[in-house]
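**Student:** Chain by chain, the residues:
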Amino acid sequence: MLGLALIVTALLSLASGATDSSAFAVGYAYFTGQQGSLSLVERVVITDIRAPRTLLGILIGASLAVSGAIMQGLFRNPLADPGIVGVQAGAGLGAVTFIVLGTSILSPVSAFLGIYHVPFAAFLGGLATTFLLYRLSTSNGVTSVATMLLAGIALSAMAGAITGLLVFVADDQQLRDLTFWGLGSLAGATWTKVAVTAPIILPITVLAPMLARGLNAMALGEANAGHLGVQIQPFKRVAIIAVAAATGASVAASGGIGFVGIVVPHLIRISIGPDHRYLLPASALAGAIMLLLADAIARQIVSPAELPIGIVTAFIGAPFFLGILLRRRSLLDI
Amino acid sequence: MLVHRNGHPLILISRAIGQRFLAVAISMVFIWSGYASAEEPEAKRVLAIGGAVTEIVYALGEDDRLIGRDSTSTFPPEATNLPDVGYIRALSPEGVLSVNPDLILARENNGPPEAVDVLKSTGVTWVDVPDDFSVEGVDENIRIVAEALGVPQKGDELRRRVASEIAAVQQRLDGVRTQKTVMFVLSMRDNRIMAAGFNTAADGIIRLSGARNVIDVFEGYKPLSDEAILKAAPDVIVTMAGRGDHGADDEQVKSHPALGRTPAALNNEIIQVDGLLMLGFGPRTGLAAQQLASAIYGFES
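Here the protein sequences line up with chains R and G, keeping their order.
Counting in my numbering, the first sequence runs from 1 upward without gaps.
Counting in my numbering, the second sequence runs from 1 upward without gaps.
Please note that the accuracy of each hint is not assured.
Covered stretches of chain G (chain R as the covering partner; in silico rule of three or more C-beta atoms under 8 Å from a C-beta of chain R) [claimed, not checked]: (1) 82-89; (2) 103-113; (3) 173-180; (4) 254-260.
To be clear, the hints were calculated from the coordinates, so they are not data collected in a lab.
Predicted, not measured: the structure shown is a model, and the values here were computed from it.
Just so you know, even glycine gets a beta-carbon here, dropped at the ideal spot from N, CA and C.
Can you make the complete structure from the sequences, with help from the hints?
**Tutor:** Right, here's the structure in full:
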């Protein structure tokens, strides 16, 4: 049912936008081989603007929601989200570094990477932070999730301080860029971004249910999970790397989009229960739907300008989440 | 990730930079040839991105061809009636296309680059207008906009007018014996001072008004400590008027623990200016310089 809803939302996302280009007219023209009858603008709007944007929305929504579900299961903490492994702080630092220094000290690097230097730096920053955090919280081959949680807070504070320093030296224009980056947007969606993020996000999202058995066992505590035959250490490593890669790719492609990683898994948990075998795929679909809907609102509501999508996800997500929380609070214990 | 099979990274980097220059050179040739061909159809639906660009279009009297603007274009007031395609650095490709432009005049600091690339691929004519806080920059921008709109004569008239206004100010300034120092206060929310350093529009207009920016140690707009303010001891303080929390009146300046003890506050040399006029660096630059110079040096205007 969620799959069907996703298809409907995706079509809606293709069909709606600031221009009155009709997705159906373009689809029909391609189908009947009459591309020549379309204007250049019509073609660009559907094939180069809306189509990559819709696909990127699906990928990122799914990846954020699945990553959130995995982290909540792994850390046995309802507040965990992908940010907990330090990806977002690290990615933020990477992006800010290049937004501020990309035109001066680091200009040879940004010239080399072209217009994708900020996403690339964000991805690298996210992965580097996760790696560091993993090393910090692993001793004698055992990763302590509690250490990871606390070290994550320390590393985020550290990244925040360096970011603050960079913000101080930034000029006005860079400050505006930083603000918009932090709120996230799918407006920069291109086929290149889809082609770069899909090979990372798609396999992780599709294969995530393979972690379900381990996550279900982890709910009973780490020791019990071990008794149930889960290889704890490799399992944790795989889960953390998968989340870091998927989140790093998402943050790199669209900036910081909050809330999806926390709200969506909880909504699904409330409606179908905490069994990760169903929770993970359902979260992926619901995350994609939520992000597409939020994006549709983001680009319509102040048209022809558009809102950063992070504002919309929080505006819809927060009250909705609160409402459900207050009605069914007993079900929220993981 | 980019994988290169051949070459040292430095060579690749310099090659990438070389390609940039080549691309710029090629596009300049294209722009030039575009200007040269008289049979080019005139753009009828013009989208102006950037406050100064919009002002130039209005000053050229070509505003009837404008069909949209960005959120920084708020002068003249009637410009705000045009559809707003959003902030200059956060353009949405589809939003821009929805106003159906056939010519986009964009101040150079536009973005995000992905969105701009998509827009350029639609075949809509895109003209970049440089960001430059100097007299030469204003002159060049008027020329570029006028050529793109196909009205070079009107452009020349406007350039002459702006140049003569600026020349008139400079002539008056020739009689000034001692140069005054100015601190430009962008905002003073909660008594925290944001002042203009070099490479800012504020610095540019202070120079044009024959004064010296007292802050020459940092670039851009930055918070300034109370001690730094006292040490700078400006002869004149310039604040922005009527922009919500940015604005600061004389009383606020005088009651500030540090600003209130500067020569400027003690001698009542506090000037409130219209930020859009002073920092726009559009066709009203001459007017702005004249107003500020008159206020600083007490000419009758």
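**Student:** Examine the region 103-113 of chain G: at least three residues should have C-beta closer than 8 Å to a C-beta of chain R.
**Tutor:** holds (count 4)
**Student:** Please count how many residues of the region 173-180 of chain G have a CB within 8 Å of a CB from chain R and say whether that reaches 3.
**Tutor:** violated (count 0)
**Student:** For the region 254-260 of chain G, do three or more residues have a beta carbon lying closer than 8 Å to a beta carbon of chain R?
**Tutor:** violated (count 0)
**Student:** Closer than 8 Å, Cβ to Cβ, for at least three residues: run that test on the region 82-89 of chain G against chain R and report holds or violated.
**Tutor:** Coverage by chain R holds for the region 82-89 of chain G (6 residues, Cβ < 8 Å).
Consistency with the previously given hints fails for numbers 3, 4, ordered from lowest to highest.
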